Amino acid sequence: MENVEKHILSTKELAIGYGSKVVAEHINFSLETGTLCGIVGANGIGKSTLLRTLGGFQSKLGGNIYLKGKTLENHSPSEMAQKLSVVLTEPPASKNLTVQELIALGRQPYTNWLGSLSSMDKDHIDQSINAFLLNDLRNAKCHELSDGQLQRVLIARAMAQDTPLILLDEPTTHLDLYHKVQILKLLQQLAHQNQKTILFTTHEIDLAIQLCDKTLILDGVNNPFGAPCELIEQHCFERLFPSEMIQFDAKTGTFKVNK
Amino acid sequence: MSHPRSYRLSFVLISVALCLAVVLNISSGSVSIPFSATLSGLLGKPLEVPSWEYILWDYRVPKALTALLVGGGLSLSGLLMQTLFRNPLAGPFVLGISSGASLGAALLLMGASFVSSFASLSFVGDVSLAIAASLGSFLVLAVVLIVAQRIRDTMALLIIGLMFGSITSALVSVLAYFTSAESLQRFIFWSFGSVGNLSSQQLSLLAGIVILGVLLCVLSIKALNAFLLGEHYAQSLGVSLKKSRLVIIAAAGLLAGGITAFAGPIVFIGLAVPHLTRQIFDTMEHRILVPAVFLYGAILMLLCDTLAQLPNSVNVLPINAITSLVGAPVVIWLLVRKRKMIF
Numbered sequence: 001m002e003n004v005e006k007h008i009l010s011t012k013e014l015a016i017g018y019g020s021k022v023v024a025e026h027i028n029f030s031l032e033t034g035t036l037c038g039i040v041g042a043n044g045i046g047k048s049t050l051l052r053t054l055g056g057f058q059s060k061l062g063g064n065i066y067l068k069g070k071t072l073e074n075h076s077p078s079e080m081a082q083k084l085s086v087v088l089t090e091p092p093a094s095k096n097l098t099v100q101e102l103i104a105l106g107r108q109p110y111t112n113w114l115g116s117l118s119s120m121d122k123d124h125i126d127q128s129i130n131a132f133l134l135n136d137l138r139n140a141k142c143h144e145l146s147d148g149q150l151q152r153v154l155i156a157r158a159m160a161q162d163t164p165l166i167l168l169d170e171p172t173t174h175l176d177l178y179h180k181v182q183i184l185k186l187l188q189q190l191a192h193q194n195q196k197t198i199l200f201t202t203h204e205i206d207l208a209i210q211l212c213d214k215t216l217i218l219d220g221v222n223n224p225f226g227a228p229c230e231l232i233e234q235h236c237f238e239r240l241f242p243s244e245m246i247q248f249d250a251k252t253g254t255f256k257v258n259k
Numbered sequence: 001m002s003h004p005r006s007y008r009l010s011f012v013l014i015s016v017a018l019c020l021a022v023v024l025n026i027s028s029g030s031v032s033i034p035f036s037a038t039l040s041g042l043l044g045k046p047l048e049v050p051s052w053e054y055i056l057w058d059y060r061v062p063k064a065l066t067a068l069l070v071g072g073g074l075s076l077s078g079l080l081m082q083t084l085f086r087n088p089l090a091g092p093f094v095l096g097i098s099s100g101a102s103l104g105a106a107l108l109l110m111g112a113s114f115v116s117s118f119a120s121l122s123f124v125g126d127v128s129l130a131i132a133a134s135l136g137s138f139l140v141l142a143v144v145l146i147v148a149q150r151i152r153d154t155m156a157l158l159i160i161g162l163m164f165g166s167i168t169s170a171l172v173s174v175l176a177y178f179t180s181a182e183s184l185q186r187f188i189f190w191s192f193g194s195v196g197n198l199s200s201q202q203l204s205l206l207a208g209i210v211i212l213g214v215l216l217c218v219l220s221i222k223a224l225n226a227f228l229l230g231e232h233y234a235q236s237l238g239v240s241l242k243k244s245r246l247v248i249i250a251a252a253g254l255l256a257g258g259i260t261a262f263a264g265p266i267v268f269i270g271l272a273v274p275h276l277t278r279q280i281f282d283t284m285e286h287r288i289l290v291p292a293v294f295l296y297g298a299i300l301m302l303l304c305d306t307l308a309q310l311p312n313s314v315n316v317l318p319i320n321a322i323t324s325l326v327g328a329p330v331v332i333w334l335l336v337r338k339r340k341m342i343f
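In order, the protein sequence lines correspond to chains A and B.
Using our numbering, the letters of the first sequence correspond one by one to residues 1 to 259.
Using our numbering, the letters of the second sequence correspond one by one to residues 1 to 343.
Chain A with its partners taken away, still in its complex shape (with noise of 0.2 angstroms):
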């Protein structure tokens, strides 16, 4: 029990999925605080599902989760607001926000019935602008930025809300190299300065074998979680893709295309 209070986030023998179709089950996790934990897998294969699940927008299947040795049912809508906080793939709805007001809804949890703003909610807001290289941008309107910009944005909101889990879903699809690095990069120090536990979902397995602490890869099977080391020397990447296609060079750590 006590191994279980140590941990922000686990799951024991967790299925998702929908209604009565099981997308993925069996998968059994846990991470402590300051770990940033990358989720890999194919297309269909359930990171949304499971990160829908985890954030609490879709029932379980089956199995546990808990958030700091509590169950996810046994939490207030309030009580969950100020454990984890999320960042999705759908934009926000309104794009006529400015970044300053996008990034200050953030603090909603802790503040008043009308939503009023205290100095410690300012300074907050001022930390998550200033760690996400945002100052330039706080009275620019959504509409206005660009797909990583916007991005940077809304995790930097996620961080205003001050929880000690966060979760992404696919935080670096629609940018370029650079900047898929500088968002794993930012997440990382997120992550290790402000002790903050980070689980997202990504395609790009390569920086996130480069990046990552830990690494879930969901096969919908056996799911393997571990430092991504360990699960190199376990040959598990080399059983996410049928290999006709593309192979897994242990040595670099990356897919390659086969000639």
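Since the hints were derived computationally from the structure, they do not count as laboratory data.
Because the structure is a prediction, the values reported are computed rather than measured.
The beta-carbon is built from N, C-alpha and C at its ideal position, and this holds for glycine as well.
Honestly, I wouldn't trust all of these hints.
[Said to hold, decoys possible] Partial list, derived from the structure: chain B residues whose beta carbon lies under 7 angstroms from chain A:
1. Arg86
2. Ser191
3. Ile221
4. Lys222
5. Ala226
6. Leu228
7. Leu229
8. Gly230
9. His232
10. Ser236
11. Leu237
12. Gly238
13. Ser240
14. Met284
Chain A is already provided as a structure; the job is to place chain B on it using the hints.
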């Protein structure tokens, strides 16, 4: 969010504009009363002509108050719907909410006489009219919202709203076909829209409904701001989706339904005013938008009513004609100028 202080000047200006609009509205009418006399009358001084006093206090002041409540309330209802549906084109009229209120009112005004032609219309009281219209708008709002959960496409949602509008107006036509001339006339006049002719009892009931709607709206400000990010984000911020959605719908339905019951289906105010307001108050923060939209709507409605009053003439134009003439070009102008209305 951005500092409310920076909008203080705008709020002062818009409040002054509201006072001016009220005075302008009161000083114009079929009987010409000098502007100075109107002012001194409003300040509580006795007037030279006794009939002026009667006109002023028993007709024009209640009418101005009604216009103020109707304009502010409808605009607020439009703001709530635009945020709830995350759609810049949502509004009480576009989504068929006003048609729902019309159906409720029609069922009461015409259906009652249709069911029992013996029963006099006297039992069709103000309260029952307000309830019937509100129920009608709640019904359509609820159906549109259920459909909105299934259909994410906003254009499809608007078309569905328009279709509901058609269905309800078709039902109204069927009712009209079978009803007596007397009740039909009553309904037709109601459907032209009017902010005059409210008894003090009706006015206080309307005020009560609008105040209740505004209160529910103020209680929802935090949730409305969270909804700007989308429903999933709102949920992750600790907003109870079901409860907040219910309160917002109740407020929007109460405002649109209650107002439509007393003033008739008034078009375009609910749709256009939130956008016009954002031309001055360039923010999405509902703590600022809610009061600003109410004030702006009140001003616009007072001005439309003043125009409808045709200075020094006995004729009064239907208020709906004026709000359409003012509102429709505004929406076109916004669309052309901004290419698309960014919500």
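So which of those numbered hints doesn't the model satisfy? Number 2 - this is the single hint that the structure violates.
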